[in-house]
Each structure stands twice: as C-alpha cells, then as structure tokens.
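Enquirer: All chains should be modelled from the sequences, with the hints used to inform the complete structure.
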Amino acid sequence: MSMIIDRRSSGTRSTANQDRLQRRVRARLKVAVEKMARSGSIEDLANTDQPVSIPTRDLHEPSFHRDLSDTSWERVLPGNKEYQRGDEINKPEGGGRSGKSREGSPDGLGDDEVAIVLSADEFLDLLFDGLALPNLRKTAQGDIQADQWRRAGFIKDGSPSRMHVGRTMRAARARRLALRAGKRRELQDLLDARNVLREEIQGRLAQKQDVSVEQERLSELDHQIDALERKIKAIPFIDEADLRFAHIDQQPHPITNAVMFCVMDVSGSMGEKEKDLAKRFFLLLYLFLHRHYQAVQMVFIKHHSTASECTEQAFFGAREGGGTLVSPAIILSEEIMQQRFPPDRWNVYLAQVSDGDNYFADNAVVEEHLLNLLPRLRNLFYLEVNRDSESDLLRLYDAIAQDFPELVTARASEREDIYPMFRTLFATEETPSHV
Amino acid sequence: MSRFLFTDNDWTFARIDAVTEEVAAIAAEELQLDTYPNQLEIISAEQMLDAYASIGLPVYYAHWSFGKQRAIESGQYRRGEMGLAYELVINSNPCISYLMEENTMTMQTLVIAHAAYGHNAFFKNNVFFRQWTDAEGILDYLAFAQRYIARCEERYGIDTVTDVLDAAHAISRNGVDRARRPRQLSAREEEQRREERERYLQQQLLEIWRTLPPHDTSQPVDSAAFPPAPQENLLYFIEKNAPHLEGWKREILRIVRKIAQYLYPQGQTKIMNEGFACFVHYHILHSLHARGLITDGTLLEFYASHTAVTFQPDFDDPRYSGINPYALGFAVFQDIKRICLAPTDEDRRWFSFAGDPDWRKQIHFAMREFRDESFVLQYLSPKVMRDLHLFALSNDPDATAYRVSAIHDDSGYQYLRQAFARQIAESTRPPDIQIVSVDRWGDRHLRLRQMDSQPLDQEEAQKTLHLIHALWGYDVHLDMEELSLSESVAP
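Going down the list, the sequences are from chains U and X.
Residue 194 in this note's numbering sits at position 202 of the first sequence, with consecutive numbering throughout.
Residue 398 in this note's numbering sits at position 245 of the second sequence, with consecutive numbering throughout.
Certain hints may be false.
For the chain U half of the interface with chain X, some residues (derived, Cβ under 7 Å), not all of them [what the hints assert, rightly or not]:
#1 -5
#2 -4
#3 1
#4 5
#5 6
#6 8
#7 10
#8 64
#9 67
#10 351
#11 353
#12 354
#13 355
#14 356
#15 403
#16 406
Quick list of in silico lysine to any residue cross-link-like pairs, SDA-like style, CA-CA up to 25 Å [stated by the list, open to error]:
#17 83(U) / 549(X)
#18 225(U) / 238(U)
#19 616(X) / 47(U)
Keep in mind the hints are simulated off the structure, nothing from the lab.
For glycine and all other residues, C-beta sits at the position ideal for the given N, C-alpha and C.
Expert: Below, the structure written as structure tokens:
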C-alpha cells in the first residue's frame, strides 16, 4: 500500500536555520557589507539580494578527526592501467598534502567560502546598523503631518461636480417604488370595483332595470381613478431628496515621502575620482533615506558658474569647465523646492558635494540664501572632496552650522573614507547637545 | 492495445500510482522484498535543498550549521556544480521517499524502484538498521526534539541553546554505542518522563558528588576508579555525569545522541545500501520492460541515468573523488547473482555458495547480515576487483615515492580485499577516544584517552576539547600517544 502526497505547496523550511546562521556571522557579515560599501561597485550596492561571502573557517564545526598527512597509510584505488606490485610512484612536489588533508575534514570543503544571500532589507539593516537620521527626533514629533483628501462616504448635498449618479438613481428608484406602491394597490382595487360595476350595469340594462344609481357610482369611481392616476403620474422621476454626493474629507496623514536634492559641482576641477566619491556619498544617502521613507525622489542639480537640473546620467557623466559659483545651485534648489516639493508636504534633504572652489564674493550670497533655505530642510549635507586644506566655503558652512544643527559637513579624499565618514555623520550616540 | 504505463515523459499522479502498483508487484513476486508501507512525497528543488541541509530528516530542530550547509549547497546548485539527487528516502515506518517535481516519468519510475523498494527493504531488513534504529518512533521523536529545542530557545535564549548544540554536535560522532543495542526510543514516553528524569538526575548527581565527611578527611571514602571501565560514549557519559549541567542541557545532549545513534547505521552501510537499491531498480526496470509495461525509449533513458549513477572514474581522472559506493555496491550485488547462476572455477574456489540456484536467498542474506566492512571482506570477488582495476597504494611519510602494495592479480586479491575493508573501517569510524577517569574527590577533572594510534588533528582536537570543557565545567585532558592536550577553567 503506497501513499502519494504533494508537498510542493508547503514551501521551504529553512528560514529558522538561515536566521541562526546570520545571527552567528553577523559581525562577519557586517564587515563584508561595509567592505562592499567602501570599495565595491556602485551597481552592486544598489542591487538587491546580495550574496556575501563568509570564509567557512568562521563557521567551522570542530570534531575529533584524524590527520593522515604525516603518517603511513594505505589506500585502495580504482583504474589501474600499468602498475605492478612493488612499483613506486613519485610523490608530487610540495608533499601532496592538499589531496590528503581533505580526507580528514568531515565536510570536505577546505577553505572555500560560503555565500550567504542577503535580501535587500537585511543588507541595508547591516549596512546602516546603529545609524539614524539626525533630525528624526524633530520629525517624529508630528510636524511631518500633512492634510490629505480622502474619500469619506456619501452625503446629501455638495457641489454638482461631485454628484454620484449611481447612488442618486438608486435613491430615486427607491423613493418612486415606495411612493407608488400604495397608490397602485388602491388603483387596482378601484379598477376591479369599476369592472364589477360595469358588468352589473350591463346585467341590469339587459333586464331593463333602472341603472341611474349605478351610473352615478360609476362616474364617481371614474373620478377617483383619474385622481389616483394623476397622483401616480405626479411622482417625480428624480427629486431633490434623491441627490447623493461623493464626500471627500481632509485627514491628517504623515508624510512618508522624501526628496533628496543632489547638488554637485561639475567645474573642471571635479575629476572622475571626485565624482566617484560624490556618487558613493549620494548613493549611501539615498539608500539610507530609503529606509525611513516609503519613496524617495531625487533631483539632480549640477553647477559651475550657472546651475541646471539634469538627469542622473548627465549628472555623473557631465564634465564642464568654467569658473564656479555655488549660489546659483542653492537658488535653483530653492525654486524647485517651492514649485514641486513644498516643504510642508515633503521631507526635503539636500546633499551637496563640491571641491570648495567658489568665488570669494559669492560666499556672501550663498550665506544669505542658505539662512533662508535651512529652516525648511530636514538636513543639508555638505561634503568637500579632495582638498588638502579647508576651503572658505567649508568654513562658512561650519560657521552656519553653529546655529543650524541641520547643516552637517564632512571632508573626504579617498573612496574608503566615504563609508566611515557616513557612519560618523549618522552615529546614534547620545549627543551632549541635548542635555 | 498497448499496455505501456506511459509513453510520453510527463509524470502525473495517476501514472505514479499505476507505476507504483506494478513495481510493488515485481518487488514482491520476483525479488520477494519485505518492505515498510511507502509514502511518496513530491517536492520541489528548493525543498530538496532543505532536505539535504538537515541530513534528509523531514523534521529537525533549527541550528546554524544546517543553514550553512544549505548556503553551500544552494550556491553549488545555482552555479551548476552540483546536480540534486533525484530522490531522498527516510528510514521510517511508513518509509518516506521524496520525488523531485523536475524528474521525468522515467526518473520517477527509477526513483520508486530504487528508494521506495530498494532502500526501503534494506532499512527494514538489514541487521544494523534493525538493531540501531527505530523506524516506528523516529518521526515522533524528531517532532519532539524540534519542539523541545524550540521551547528551550524561548526560555533560555537562542545563543545559549546554540552553544550547547555546538558542543554536542562536536562529539556526536563519539556519542554512539557501537557495541550494544540502544534502548528503543518512544517519543510519547520521552515527553512524559522527561521532567521526572531531569529532577531525578539532579538529585542523583548531588549524591554522587557529595563529599561525605568521613572521620579521616585525608583519605577519600571511595578511591575506586571512576568510571570503572573506559567509556566510549562521550555524549552519554557527560549527559549522565557532568557535575553542574542544567537539566535541559542534559536533555539536549540526549536528543543529539539519539539522532546520532539513529544515523549511525547509514554511515556504516553506504556501499551495501546504495548497491542493493541499484540492484533492485536494475532488476525492476528490466522486468517492467520484459512485461511490456515500459517502452524501449524509457529503458534507454533509464540506462543513461543508471550508468551515470554507477560510473566509477579512474583514480587519475579529474572527476575522481573516491570509490563510488553506488558503483561498487551494484557491482558486488550483481556479481553475487552471477556467482549463483553462472559460477566459474575461480568463483567455486572463493565462494561456498557458488552455483546455488536460489540467488534470491543469497542476495537477501548478503543484504541482511553485513555492514560495508564485513560485506567487502565477504563478497568482494576477484572478478569485481579485475573489472574495477583495483590496486592498493601505500605511503611511507619518509619515502619519496608511494608504493603499489597490491594489484588485481592472484597474489593480490586477498590483500586488496583486506586493505579495502580496513580503509572502510577507518573512514567510517571516528577516532577512538574514551573517558578513562574523573577525579571525583579532587578537582573533578575529566581525563580522555585516545585508544587507537592514528594521529589526531591537533588543532581540531583542541577546539573540540574546548567545547567538551564548556559542557563538563571543569578541566578536561586528552592523552594521546605522544602528547596530551588540556583545556582548563580560566583563572
């Protein structure tokens, strides 16, 4: 007697083991993930389902076993072609250890690596473990609430443009049915009575009897019937009481969208390397914001002496010459923010990467616009790349940052600097400023 | 009208049902196989990888090492380095066989013959499985183990439980009673008596470890050696005698030990088990063809899979990775049948059963009464050694060359056979490490001794001792031939 069971639908049962594995190598995974963030390609970082390699020795399971590398052994092998008893076969150079030592290890894996596949969430969890957005405290207090129109059932009055025809017709039909039903029944009774009366009149006429009383009753009935029919006809097809309107209501709704302005200097002094640093910084920031908000929009603004909005490709591909002015970029950001991303509806972040070159006279303009802009931003991150000394621009930003904690500045000169710098920016230690 | 069970190659439940019925008939009539009832389960490739990760057990407690195994295997599978087994079969009653959904109908037929009848009969009849495993109780017991360990994780934390499991796994190969039959395990009974056992054990230990204050304190009351004789089952000894182990940890050691015990015969009978299953599927598929139930095309597809499975690459072939148990086992079982039906003079000199017309009886006997080591010693015939071109190579660590110590010729057959049996014994047996003494009246240190003479991997041994020490709680020493290792409590 055999039984056949289809188990395919019951799914896999490896999650518990997988969790425990990740738990065990969490520290390792973190190091690997951070290494990828430091030097891996940007495409890798942005991809989901990251396989992360962990050396098997970290996951080694020790047990008592033999080590036959330096001892005498005898082994039976298949496929003899030419050997006779007593033949000698020279040992391979290097002692031939590799082939034999594997025999001792129960899993036979040697020093291979295990690839642990992390989902996008797990990857980002590890990457941003222990980090938080600096100004999230403020946002959590409720000022990210915004009113949103939502459907809220049906009401009896409203503007004609919101009239709900289906609901209205349904109400009208119900009313018509309700008002007619009684009268129809009454009418039917009268009609029946009139028919009976008419037959009676016919009968009496045939017997030559007097029908004057009956005629009178008949005309009375006709009157009543006419009146009823008029009443029934007078029931309107649609009445004001039938009108229904779709209702929409304003409800407070937390803003879960964020916009990130990427502002980059594309003047001649920004080379491939600087752009790569910028790209890494923008990408990390993007991934990080993405963990806090449902959707993150990106706005790319490049500038030299003028500023323009552009596509991502143009942003990272562009290399333009000319002198550098920072203020046009700030002004353009401000404009775009006003037009498309009003700060009461959006969590606005601005990240700026520059090598710090700016016309001296422009700094004052930058300051003016920044002071205007900053209160409406969640954060402004300024990264200065590849400078041996601090620029005037950075000093200006640092000075403003004294009054505006939303403004965060940093410097980096190597690719490897970006991730550690990122970590220091967002580390969650209790900052003494709160005390 | 055609009587073929199927002509195209897609499987359906109805076809599997029909094939199973015919295979069952052949297994009973022509091979007289005695099997457990079958339960065939269709699973996906992902589920097959799951099953791999937990040594094929259908229910298993959670541990990171199974996750690691799965990560390795699914990586290899994705990269195309490893094909999945077509089947997996569990020694239980009913006997559960997994059929992969990707298999063709021919493959499903092969798998049913191989697993649901070949392995199944082997599980039910081989003396080692009968002695060491309890096919009735295993599924319940595994479910109990999974529940119990999950409860422990809730109560004491995943990390604490993992530490205990890590340590238990490290010595699980030294947790099997090789010499005597273990007690039957019954899950229901286990569960009912577990708490009682925990309490009782704790009391027992307090008794054992209490230093009865005698009138003469300088002289221990009981100076008799403890344990009285060396103990080979490290897990059992620690479970019963570790001074300060909490009850639930003892229970976990017991679970690991019971499962190791259950799995023990599989390692001991790899060649026989696979060989017998191949012998059975080979017979059944031919018989299905002879009865006109499968097409020539099906038979050819079967040949392709069968030869791939029983292929033995030569030692100098890049594909070589040791003797293929399928190839050797199948060759030996086929040869037993040949020796019965068409013996040569050589066979008559070597085997007393040569020419016995009842080959089934001989096959059954061989399948029932041996394990790999004794099976090879008994049945590896000169013909099989010649066919496989076996030769023995020996290594002297001081010499610059390996020496061919025997080849497949008249003077070498006996030697080859014995050398091969030794090799099997060595590879299936863990190093013989036994507990020789516990200093009950002093610092309670545990002393282990290596009883065989083959060198241990030192680094591994040290790490393993560290884990034993975590269970025992006091110093642990391991004496080997030339040196000894210790693991002490941190000061």
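Enquirer: Now tell me, hint by hint, if it's right for this structure.
Expert: Right, here's what the structure says about each hint:
1. -5: 5 Å, holds
2. -4: 5 Å, holds
3. 1: Where the cut-off is 7 Å and the nearest Cβ of chain X is about 9 Å from residue 1(U), the hint is violated.
4. 5: At 6 Å from the nearest chain X Cβ, residue 5(U) passes the 7 Å test, so the hint holds.
5. 6: 5 Å, holds
6. 8: 4 Å, holds
7. 10: 5 Å, holds
8. 64: 5 Å, holds
9. 67: Holds: closest Cβ of chain X sits about 5 Å from residue 67(U), inside 7 Å.
10. 351: This hint is violated: residue 351(U) lies away from chain X, its Cβ roughly 56 Å from the closest one there, beyond 7 Å.
11. 353: With a minimum Cβ separation of about 60 Å from chain X (threshold 7 Å), the hint on residue 353(U) is violated.
12. 354: With a minimum Cβ separation of about 55 Å from chain X (threshold 7 Å), the hint on residue 354(U) is violated.
13. 355: 55 Å, violated
14. 356: 59 Å, violated
15. 403: With Cβ-Cβ at 40 Å, over 7 Å, it is violated.
16. 406: 33 Å, violated
17. 83(U) / 549(X): Distance of about 11 Å is within 25 Å: holds.
18. 225(U) / 238(U): 30 Å, violated
19. 616(X) / 47(U): 18 Å, holds
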